[in-house]
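Colleague: So the sequence lines, in the order shown, correspond to chains R and H.
If you use the working numbering, the first sequence corresponds to residues 15 to 303, in order.
If you use the working numbering, the second sequence corresponds to residues 1410 to 1828, in order.
Hints may be right or wrong, so weigh each one.
[Said to hold, decoys possible] Listed next, with one range per pair, are the computed distances between beta-carbon atoms:
#1 H:Gly1646 <-> R:Ile142: 41 to 51 Å
#2 R:Leu279 <-> H:Ala1481: 45 to 55 Å
#3 R:Met101 <-> H:Ala1481: 43 to 53 Å
I should point out that these hints are in silico values taken from the structure, not numbers from a laboratory.
Each residue gets a CB set at the ideal place from its N, CA and C atoms; glycine is no exception.
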Amino acid sequence: MEIIVYGIINSITLSLMALGFTLVYSISRLPNFAHGALYITAGYFTWLFINKFAGFPYPFAIIAALALTSIIGALIYRFILIRVRGMEISEIIASYAIGLAILEGLRWGGLRGMTFTLPTFVTGSFNIMGVSVDYQRIIIVGVGIFIFIVLYLFTHFNRIGLALRGIAQDERAAMMLGIDSDMTAIVSLAIGSGLAGFAGVVLLPLGNIIVEVGYNVLIFAIAVCVVGGLGSWGGTIIASFVIGFAQILTEFFLSSHYQMVVALLAIIIILLIKPSGLFGKQKELEERV
Amino acid sequence: MRNLVCCLILLLTIIFLMPTGSGAQEKPIIIGAPLSTAFLYGWDAERGMKLAAEEINKAGGVTVGGKKRPFAVEVIDTRDLEPGVPVAEALLAVEKLILDKKADFLVGGPIRSEAALAAMDLLNKHKKVSIATTGNLTPAYTKKIAENYEKYKYCFRNSNQVGEMMKEFVTLLEDLRKTHGFNKAYIMVQDVAHARAGGETMQKALTEKGWTVIDMKIYPTGTVDYSVGLIDSGKKGANVLFLWMDMPESAVLLKQWSDMKLKSLPIGFVNAAEQPGFWKAVEGKCEYLIVNLCNGGNAPAKITSWTMKFVEAYKKKWGLEPEGYGTSSSYMAVYQLKAAIEKANSTDSEAVIKALEEIDIMGVYGRMRFDKKTHQIIPSFDPKEGAVTGIIQWQSGKRVQIFPPKVAEGKVLVPPWMK
Chain R
15 MEIIVYGIIN SITLSLMALG FTLVYSISRL PNFAHGALYI TAGYFTWLFI
65 NKFAGFPYPF AIIAALALTS IIGALIYRFI LIRVRGMEIS EIIASYAIGL
115 AILEGLRWGG LRGMTFTLPT FVTGSFNIMG VSVDYQRIII VGVGIFIFIV
165 LYLFTHFNRI GLALRGIAQD ERAAMMLGID SDMTAIVSLA IGSGLAGFAG
215 VVLLPLGNII VEVGYNVLIF AIAVCVVGGL GSWGGTIIAS FVIGFAQILT
265 EFFLSSHYQM VVALLAIIII LLIKPSGLFG KQKELEERV
Chain H
1410 MRNLVCCLIL LLTIIFLMPT GSGAQEKPII IGAPLSTAFL YGWDAERGMK
1460 LAAEEINKAG GVTVGGKKRP FAVEVIDTRD LEPGVPVAEA LLAVEKLILD
1510 KKADFLVGGP IRSEAALAAM DLLNKHKKVS IATTGNLTPA YTKKIAENYE
1560 KYKYCFRNSN QVGEMMKEFV TLLEDLRKTH GFNKAYIMVQ DVAHARAGGE
1610 TMQKALTEKG WTVIDMKIYP TGTVDYSVGL IDSGKKGANV LFLWMDMPES
1660 AVLLKQWSDM KLKSLPIGFV NAAEQPGFWK AVEGKCEYLI VNLCNGGNAP
1710 AKITSWTMKF VEAYKKKWGL EPEGYGTSSS YMAVYQLKAA IEKANSTDSE
1760 AVIKALEEID IMGVYGRMRF DKKTHQIIPS FDPKEGAVTG IIQWQSGKRV
1810 QIFPPKVAEG KVLVPPWMK
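Work out the full structure: start from the sequences and follow the hints.
Modeller: Here is the structure:
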């Protein structure tokens, strides 16, 4: 029972970490390597709003932090990534450099030590068939499922969401229909950054807001996206469950210190067997040829 | 009249520029501090050192060669605690302190053991005396000194080391066995060399003492879910959770332990839980956690008459209690240097080494004297005999010294759900 309960929690945690990365890549073909930095930034902004602006209620602090993180994401595209758009290596280098600058800037600016934490939404725990689970993790599962549904509805029934999908499917055809490619990329970066931030404010109450977590989140996001297939939403969710359960099974039957190895091993295996990922469309044709 | 005014101005200028004879005007003795300043063990060491230097300078400075010379502290960030930073970075920082900043002595780091061990050859090359005060818990450091005294005689360490910490933990656990009947331990450590070694040593030591060590779980750095291990420990009836972690995510472990209300007492070396702000950070879920702060005085306690004076002075200067490992030892290292320089009446390395080997002072965490062969501070459970550790338990938001018994300010409390 522990395997099922904590397998699901771990899987949804991983998918929350990776959703923003996948969204940006699927729409704009931009690998946003500043993803982990935005995750931490949202947590830090929330902490600032709660602790430095006395009386700022927690929900408003979260909303304000997410709005700011989304704006940062949009600005990153508008002023930096737009200049290297289409040059894949430059996109990676530029976005990674931005992430590095944000994280190390936060560290330099005082985000050090173990005392930067966000309160859990609800404290306490309860038993699910004999397995003790804290409420925050239950909230993570609920919020994760809610986000999947909202994103599905947004991209299938909303004009902006449909435009995003249009660009993702065929950029030239979408542009002929009047969809602005750069504006779409700005929106995708803003939503993707907001999703990274959202994952941050939901997951960070479990631990601390520390710079190193930003790097780890990026690694997990990349692992999930590569295994699922870069740009595939369904693949991201399936890969989260594959890696999430693999990690829990490894801890249960093998040893806990192989958890990180499992995620990285999954990347290697997938790259050897099916480089486009489980559900990746990109380069799939080349692979068949 | 005009001439009189000119003479007065000239006289005042001369008086203003004349050396006053106080320590502040003499050439300072430069203490180089290679520290990983973005981390607790770095910044608290820096604060401890600066506080001591300020106190000494205020009192006139260090008497050497008939003059009163002030201390000046030069800090360089070694970054050796940051992930992925090579040891060479720390060595560059050490060399820069010696060659560029003209450090007369070194105090503090490098903090990571590998870097500290590598720096020993540099200290020999430049003939610079160093007192290691933070991080660097490995017994290999002082073993190297004992094995090749002539080469490594420049190195001293006034803080605790892992072998002694193990002895302290085993003694404490044996006390708990007598008082509470604990006999089953579950070990959870981080996947880094010092923590794995700590876990393995503890596993061996407890087994030899007749304890049942149920399992030892090793977690990669950055783990944010310990539920499988914790549930397993609960199922198998562990009454002690022995932890050895220096990653911030250990806060998650404690939150989960508290939420699950496991019938086990967490004890160990938990870097995250050293700081006074940890209580607020984990919403009080570290209550009952026992942490080894390596040296006394890193949290408020009445170990010697100097301990609380130091704590109060630290609070006045930095606005918070001493935060954790590295604070009291770095503070005391500056005083030890002062005593040795004054005893040697020189800043010459050879003379200061000899003096450091001979000085015997009552410090913040007990009697402070170095072993002549290993240059390790002599430890003891009695502050009158040697340097004592600071093992604290989180009780109602405070870090209460609970070990060694001679300086304990409170008894070990167990969670109500364990009764």
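Colleague: None of the hints should be skipped; say for each whether it holds.
Modeller: Results of checking the hints against the structure:
1. H:Gly1646 <-> R:Ile142: 41 to 51 Å: 22 Å, violated
2. R:Leu279 <-> H:Ala1481: 45 to 55 Å: 52 Å, holds
3. R:Met101 <-> H:Ala1481: 43 to 53 Å: 50 Å, holds
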